[in-house]
Amino acid sequence: MSRAAPATAVRVLGQLRHDPRTVGLIIVVPSGFLALLRYSLSGRLGTFQSVGAPLVGLFPLVMMFLVTSITMLRERTSGTLERLMTLPLSKLDLMTGYGIAFAIVAAAQGSVVAAVGFGLLGLHSDHGTALVIGLAVANAVVGTSLGLFVSAFARTEFQAVQFMPAFVFPQLLLCGLVVPRAQMAGALQVVARYLPLTYAFDALGRAARSTRLGSGMRTDLVAMTLTALVALFLGALTLPRRTA
Amino acid sequence: MPTEAPEAVSARPQRRIRGTVAGQPRPHRADLPGVDTAIQLDGVRVRRGDIEVLQDVTAGITRGAVTGLLGPSGSGKTTLMRALLGVQRRVSGRVVVLGQPAGAAALRGKIGYLTQAPSVYRDLTVGENLAYFARLLGVGHDDIAQVLERVGLGPHRHHLAGRLSGGEQTRLSLATALLGSPPLVVLDEPTVGLDPVLRRDLWAFFGELARGGATLLVSSHVMEDAESCDDLLLLRDGRLIFHGSPDQLLGQSGATTMGAAFLQIIEGVRSGSGAA
Numbered sequence: 000m001s002r003a004a005p006a007t008a009v010r011v012l013g014q015l016r017h018d019p020r021t022v023g024l025i026i027v028v029p030s031g032f033l034a035l036l037r038y039s040l041s042g043r044l045g046t047f048q049s050v051g052a053p054l055v056g057l058f059p060l061v062m063m064f065l066v067t068s069i070t071m072l073r074e075r076t077s078g079t080l081e082r083l084m085t086l087p088l089s090k091l092d093l094m095t096g097y098g099i100a101f102a103i104v105a106a107a108q109g110s111v112v113a114a115v116g117f118g119l120l121g122l123h124s125d126h127g128t129a130l131v132i133g134l135a136v137a138n139a140v141v142g143t144s145l146g147l148f149v150s151a152f153a154r155t156e157f158q159a160v161q162f163m164p165a166f167v168f169p170q171l172l173l174c175g176l177v178v179p180r181a182q183m184a185g186a187l188q189v190v191a192r193y194l195p196l197t198y199a200f201d202a203l204g205r206a207a208r209s210t211r212l213g214s215g216m217r218t219d220l221v222a223m224t225l226t227a228l229v230a231l232f233l234g235a236l237t238l239p240r241r242t243a
Numbered sequence: 000m001p002t003e004a005p006e007a008v009s010a011r012p013q014r015r016i017r018g019t020v021a022g023q024p025r026p027h028r029a030d031l032p033g034v035d036t037a038i039q040l041d042g043v044r045v046r047r048g049d050i051e052v053l054q055d056v057t058a059g060i061t062r063g064a065v066t067g068l069l070g071p072s073g074s075g076k077t078t079l080m081r082a083l084l085g086v087q088r089r090v091s092g093r094v095v096v097l098g099q100p101a102g103a104a105a106l107r108g109k110i111g112y113l114t115q116a117p118s119v120y121r122d123l124t125v126g127e128n129l130a131y132f133a134r135l136l137g138v139g140h141d142d143i144a145q146v147l148e149r150v151g152l153g154p155h156r157h158h159l160a161g162r163l164s165g166g167e168q169t170r171l172s173l174a175t176a177l178l179g180s181p182p183l184v185v186l187d188e189p190t191v192g193l194d195p196v197l198r199r200d201l202w203a204f205f206g207e208l209a210r211g212g213a214t215l216l217v218s219s220h221v222m223e224d225a226e227s228c229d230d231l232l233l234l235r236d237g238r239l240i241f242h243g244s245p246d247q248l249l250g251q252s253g254a255t256t257m258g259a260a261f262l263q264i265i266e267g268v269r270s271g272s273g274a275a
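Line by line, the protein sequences are chains V and Y.
Each step along the first sequence adds one to the number in numbering that gives the first Met the number 0, with nothing skipped, and position 45 is 44.
Each step along the second sequence adds one to the number in numbering that gives the first Met the number 0, with nothing skipped, and position 54 is 53.
Hints listed in this document are in silico derivations from the structure and should not be mistaken for laboratory results.
Errors might be hidden in some of the hints.
[To be verified] Simulated restraints on C-beta separations:
| # | chain 1 | residue 1 | chain 2 | residue 2 | range |
| --- | --- | --- | --- | --- | --- |
| 1 | V | L12 | Y | D194 | 33 to 39 Å |
| 2 | V | S39 | Y | G166 | 50 to 56 Å |
| 3 | Y | G211 | V | A106 | 43 to 49 Å |
[Stated by the list, open to error] One-sided excerpt, in silico: chain Y residues whose CB lies under 7 Å from chain V:
| # | residue |
| --- | --- |
| 4 | V86 |
| 5 | R88 |
| 6 | T114 |
| 7 | R134 |
| 8 | L135 |
| 9 | R235 |
Using N, Cα and C, we set each Cβ at its ideal position, and we do this for glycine too.
Turn these sequences into a full structure, and let the hints steer you where they fit.
This is the structure in structure tokens:
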């Protein structure tokens, strides 16, 4: 890794630092939502445990996906990307820089929402909250990579926002968060097996349950790592040095 | 429309007047063998959709000089600059920059580039913007202070770029282009929206850089800027219609001001090339 990737990470974090409202929303919204979920399920705390615990780790994926795709799109449209392309910075450096920056943000976000969820709202994990926070950070990297890749297909910020319902919502539905996958139509179960969020959700579910982690966890982590790497690679491919 | 047909080729000398006196074509000094050129363009064409935005541009840009790239807006100045930076799609012909094909990885960081719209991070301060570009270039803090001083943004170091005026943002973008003293500096309309004093100072500074050995290509649509250049390229509708020194431009047109000379050349080209 050249000096360009950490330099880019510092720059992206600097941009966020000057936008305290966004940082505030990133940190506070997941905890607020979790509290809302907790009290809307006040009679069914078992459901809250099985849905809320994975959500702690899924928030970073969803939010970093959105924040990244818009930040990258802004870079494309503002002319700074064209400028960067004439500098000693590889496209992978740029991608990695974004990944590092948002992983750090996700660590903060994950820690806060985990502290609220496990400390105040009564969620529990037999494998420790550290594992959940670790998975939250990993998910943020997956979300950042997917966001970078997807931003290539958006011309405007309006389009980038639409990738949330188009790209993320179906995965949230199919990953088993809302309905257990075993109860879905057979074809959807097959589709779900090829979606990144499925593995992110499974890993978090395993972390929250009391059973042994086993080889399933390893499969999930491998799938998440591969997703992040492939998305980063494709993202770098779709970043053209030459434009019309 | 330009084609590869022989009649189009023979018609070309009428359209392109290069440092000529009384219509007699004479190769410009940068085109002569032995003269050191930093950039060599040979039959460069750029298509965008069905339109050819650059039509067969051939020119050498002298090393260690300030070359002005002038022409009305929409004449292809930005496209020509993008072509030699290697960020322009659909370029045909040959573009050699500092001995390398345009866009070569070895050239990254050797060309200071000011884009037409200031390419700065509006949500970073002036100092943070420069620090990022300096880190990418591997340039130290002394350099940051120096370029800040040069563009007169020293007092704004801790201000957000987005809060600066348009002219100040251009100067910040210019400062990032000057970081690390690149051997080639390509500036797309650097003096737009600047007050006359700053404008004069910057042109004087460009001259200084050139005397220090740097090659500068500076675009402008203000003809007065031509007086500050060592060499001029005049573009109109994607064609190179004049290549020569400011004196040659004045001598050839018989006009007393650059503005009048430019108008005369453009009008001359218009009548010379018929309905084109």
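How the hints compare with the structure:
The hinted range of 33 to 39 Å is satisfied by V/L12 and Y/D194, whose Cβ atoms lie roughly 36 Å apart. Between V/S39 and Y/G166 the C-beta distance comes to about 54 Å, which sits within the given range of 50 to 56 Å. The hinted window of 43 to 49 Å between Y/G211 and V/A106 holds, with their beta carbons roughly 47 Å apart. For Y/V86, the shortest C-beta to C-beta distance to chain V is roughly 6 Å, which falls under 7 Å, so the interface hint holds.
Nearest Cβ of chain V to the Cβ of Y/R88: about 4 Å, under the 7 Å cut. The hint holds. For Y/T114, the interface hint holds, since its Cβ comes within 7 Å of a Cβ in chain V; the closest pair sits about 5 Å apart. Taken as an interface hint, Y/R134 checks out: its beta carbon lies about 4 Å from the nearest beta carbon of chain V, inside 7 Å. A hinted interface residue such as Y/L135 counts as satisfied when its beta carbon comes closer than 7 Å to some beta carbon of chain V; here the least separation is about 5 Å, so the hint holds.
Proximity of Y/R235 to chain V is violated relative to the hint, the smallest CB-CB distance being about 22 Å (cut-off 7 Å).
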